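Below, each chain spelled out in residue letters.
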Amino acid sequence: MGTFLKRHHWVTPLALLTPGILWLLVFYLWPALQMFIASFWHGTLETGFVFSLDNWTNYPDAVGQFAPFYLRSVVYAAAATMTTFLIAYPLAYTIAFKGGRFKNLMLFLVVAPFFTSFLLRTISWKIILGDVGPIIGPLKGIGVLPQDFHILATPMAVIAGITYNFLPFMTLPVYVALEKVDVRLVEAAKDLYAGPWRPGGLIAGGILGGALMGVLGLVFGVDWAVFAVIGAAFGGFVGWFLVSESFIRVTFPLSLSGVFAGGLLTFIPAIGDYINAELLGNPSTNMIGNVIQNKFLTQNDYPTASALSFAMMAGVLVVVAIYAKVLGTEELSAAAARA
Amino acid sequence: MSTNDNLTGTPISRRRLLQGSALMGAAAFLAACGTKGTANTPSPSAAATVAASTGGSTAPSEAAVASASVAPTATPVPTPAPSDAPGAINWANWTYYIDVDPKDQKKHPTLDAFTKSTGLQVKYQEVIDDNETFFGTIQPQLQGGQDTGWDIITMTDWMAARLIRLGWVQSFNAANMPNFTANLLDTYKGVGWDPDGSHHAPWQSGMTGIGFDPAKTGNVTSLAAYFTPDPRWKGKTELLSEMRDTIGLTMLYLGLDPTQPTRDGCDKAVAALQKAKADGIIRGIKGNSYAEDLKAGDAVLVMAWSGDMVQVLVDKPGIKFNIATEGGILWTDNSMIPNGAKHKNGAEKLIDWYYIPENAALVEDYVNYICPVKGADVALKKIDPSVASNPLIFPPASTTARLHIFGALSEADETYFNQQFAKVLGVG
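As you go down the protein sequences, you meet chains C and A in turn.
Read in the working numbering, the first sequence has 295 at position 295, and its numbers run on one by one without any break.
Read in the working numbering, the second sequence has 454 at position 115, and its numbers run on one by one without any break.
Don't read these hints as lab results, they were simulated from the structure.
No experiment lies behind these values; they were computed from the predicted model shown.
Accuracy of the hints is not assured; some may be wrong.
Unchecked claim - DSS-like, lysine-lysine: derived pairs with alpha carbons at most 30 Å apart:
{"#": "1", "chain 1": "C", "residue 1": "K140", "chain 2": "A", "residue 2": "K655"}
{"#": "2", "chain 1": "A", "residue 1": "K721", "chain 2": "A", "residue 2": "K445"}
{"#": "3", "chain 1": "A", "residue 1": "K762", "chain 2": "A", "residue 2": "K462"}
{"#": "4", "chain 1": "C", "residue 1": "K140", "chain 2": "A", "residue 2": "K634"}
{"#": "5", "chain 1": "A", "residue 1": "K720", "chain 2": "A", "residue 2": "K455"}
{"#": "6", "chain 1": "A", "residue 1": "K573", "chain 2": "A", "residue 2": "K607"}
{"#": "7", "chain 1": "C", "residue 1": "K103", "chain 2": "C", "residue 2": "K6"}
{"#": "8", "chain 1": "A", "residue 1": "K616", "chain 2": "A", "residue 2": "K573"}
{"#": "9", "chain 1": "A", "residue 1": "K462", "chain 2": "A", "residue 2": "K442"}
{"#": "10", "chain 1": "A", "residue 1": "K573", "chain 2": "C", "residue 2": "K140"}
{"#": "11", "chain 1": "C", "residue 1": "K140", "chain 2": "A", "residue 2": "K555"}
{"#": "12", "chain 1": "A", "residue 1": "K528", "chain 2": "A", "residue 2": "K573"}
{"#": "13", "chain 1": "C", "residue 1": "K140", "chain 2": "A", "residue 2": "K616"}
{"#": "14", "chain 1": "A", "residue 1": "K614", "chain 2": "A", "residue 2": "K555"}
{"#": "15", "chain 1": "A", "residue 1": "K720", "chain 2": "A", "residue 2": "K446"}
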């Protein structure tokens, strides 16, 4: 047996790959192929569907009609990815470098929500954010918020829901990357006068925080100027007190691979998500996933639904390819570390 | 205006009440997330019918009457087998839709009595939580002329109409169903999509009307409220994601007839709804979850289903339910026998079993909806008078007079209505 395996080098990898390949063939490629075929159908449930390559027009028709929904999905997913990053990075940093003996407990707490169903977690947000719920209710009671204020049924609720649900997908890769950072490199940098970075940190943090929060404010549809000022103040504070040159030059570049992976793991599922929009949004916050669901199940318009799904997959592939090209992990972090 | 009956004044008797509507909604979503599939291995059915769909168009009435004979090739029409295949009768129904033994949630006394009486086994499964999702699980088999694994399926009017239109359900053998023939209430007879009533047997009905929190809104008796930007409910009003309920009530508000739905009426209703959205009145368009929002105070005015209201009342007794002065929608879930069913005779006997008023009364004592069986109220008075006098379950004649059944739609019209309604839902 041993000699057989030695003589035929391809046997072991093939045997190891077989379960995975079979799984993908049966549960991914086959349905995807079916859907691809369905996207070239024409007809109705009653008359039956007919396949013809002439029906390629399903694609431009569907994408043209529903372009605003694609755009909204991209914007919401991007905003959620950004907020996820802003929350997850300090969290992962703290666990990796300051966690001490609580490291495992903290990591467990990050993934603990996964022990509950995705749906129940989202529904529980409805209770927390309810118009007369535990947060908004008392604030209205003491007059801080106007009576008709609400977070549910707004874009902010949808993005916040996505952010919450995908937070571990960002936290864990970033943590893994930070965990691998060799502390000796940071110490060496400090020895070489890469200490606190007060004025630079203040300015960079202020601009970055202001810009990020301003954009988020625009997306949320709230007063973006207020958001920008809050962001700038917070960014400046963080930059002044917390950011050191060793972090900018060593730690952060070395963690970029984790940020890259976390970004993908958050953005891709977020763009196809429809549960958060369904549960937390209103009729003007529906994403492309809601459209596809309605087309498939309610309208029985399988061709259009398939075309929309496939166009989305293709679109995500393109976005990911560009993202990988621009932020390609190894080269980028290497270049940043050299700089 | 003076005789506007508030339907929710009555106390509720002992009954298993759904407290977890949120969980129910969650289950529906879960089901919606899943891929299509069915627990039953489809097997080619020798005896039964050939699905009509592949053969091209047949007139709806033709398809309805002769589901077994629409195959274009002239094979001899297969008559129902005199005896069924061995094995239990498979019944797909919605959750909390039949009586349960208070000591053992898995036991259904009326089903056990059926088995004792006829010797036929029944496999009762609560697998339906959404018409469209369930349709997705049986559509491939029916389209391919195969057995779905089900002998009885329970679908809402419009889905029943679609299945009958497609020729995917079988006509009943009246000889097996004397009680059904005798005891179906007249209101349920002569529907447009199954004029002779030979393909569907109503299981339970419900009313769609106005649900509201009178402490916030005052008494609401007119559908005009959904279209009036009154600060008391502006931004706290929810509509139903079931097209026929929301479009139907809107048509009633506009003075149009939902029993005769037209594209023109649909357009007018959609325009009115879009205006209500633009005016900021509408917070959301929901399925079951509107009940949770009403309880939580996120919504104060909703379009509501009568059965849900019985449950909401337990948690929040102040909530009210009115059938509007303009009218309400009556809908029904119906038992049907899909093509290829292996136990057609048994299924017919089982459907008929529940048209015996005493059996229907036992079911009604547990579920919260309206019973289509003559004499069930009389039978129920003997075992549980408080339920028999609950106007949400046995509505008075003054209420039923204002109820309308949404009319049948051709496939082309159904597509049109759904496309237009998708705009209201915000997905079109």
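For each hint, the structure was consulted:
With a CA separation close to 22 Å, the supplied pair C:K140 and A:K655 stays within the 30 Å bound. Using a Cα cut-off of 30 Å, the hinted pair A:K721 and A:K445 holds, with the two alpha carbons roughly 25 Å apart. Distance hint between A:K762 and A:K462 is unfulfilled; the C-alpha atoms sit about 41 Å from each other, more than 30 Å. Of the supplied pair hints, the one linking C:K140 and A:K634 holds, its CA atoms being roughly 19 Å apart against a limit of 30 Å.
Distance check on the hinted pair: A:K720 and A:K455 sit about 25 Å apart at the alpha-carbon level, within 30 Å; holds. The hinted pair formed by A:K573 and A:K607 meets the criterion: a straight-line CA distance of about 22 Å does not exceed 30 Å. Taking the CA atoms of C:K103 and C:K6, the gap is about 43 Å. The hint is violated against a cut of 30 Å. At roughly 10 Å between alpha-carbon atoms, A:K616 and A:K573 fall within 30 Å of each other, so this suggested pair holds.
Using a Cα cut-off of 30 Å, the hinted pair A:K462 and A:K442 holds, with the two alpha carbons roughly 20 Å apart. Note on A:K573 and C:K140: the hinted pairing holds, with a Cα-Cα distance of about 17 Å set against a maximum of 30 Å. Of the supplied pair hints, the one linking C:K140 and A:K555 holds, its CA atoms being roughly 16 Å apart against a limit of 30 Å. Our distance criterion of 30 Å between C-alpha atoms is broken by A:K528 and A:K573, whose separation comes to about 40 Å.
Of the pairs offered as hints, the one joining C:K140 and A:K616 holds, with about 25 Å between alpha carbons and a cut-off of 30 Å not exceeded. Between A:K614 and A:K555, the direct Cα distance comes to roughly 23 Å. Compliance with the 30 Å bound is thereby established for this hinted pair. Our distance criterion of 30 Å between C-alpha atoms is met by A:K720 and A:K446, whose separation comes to about 24 Å.
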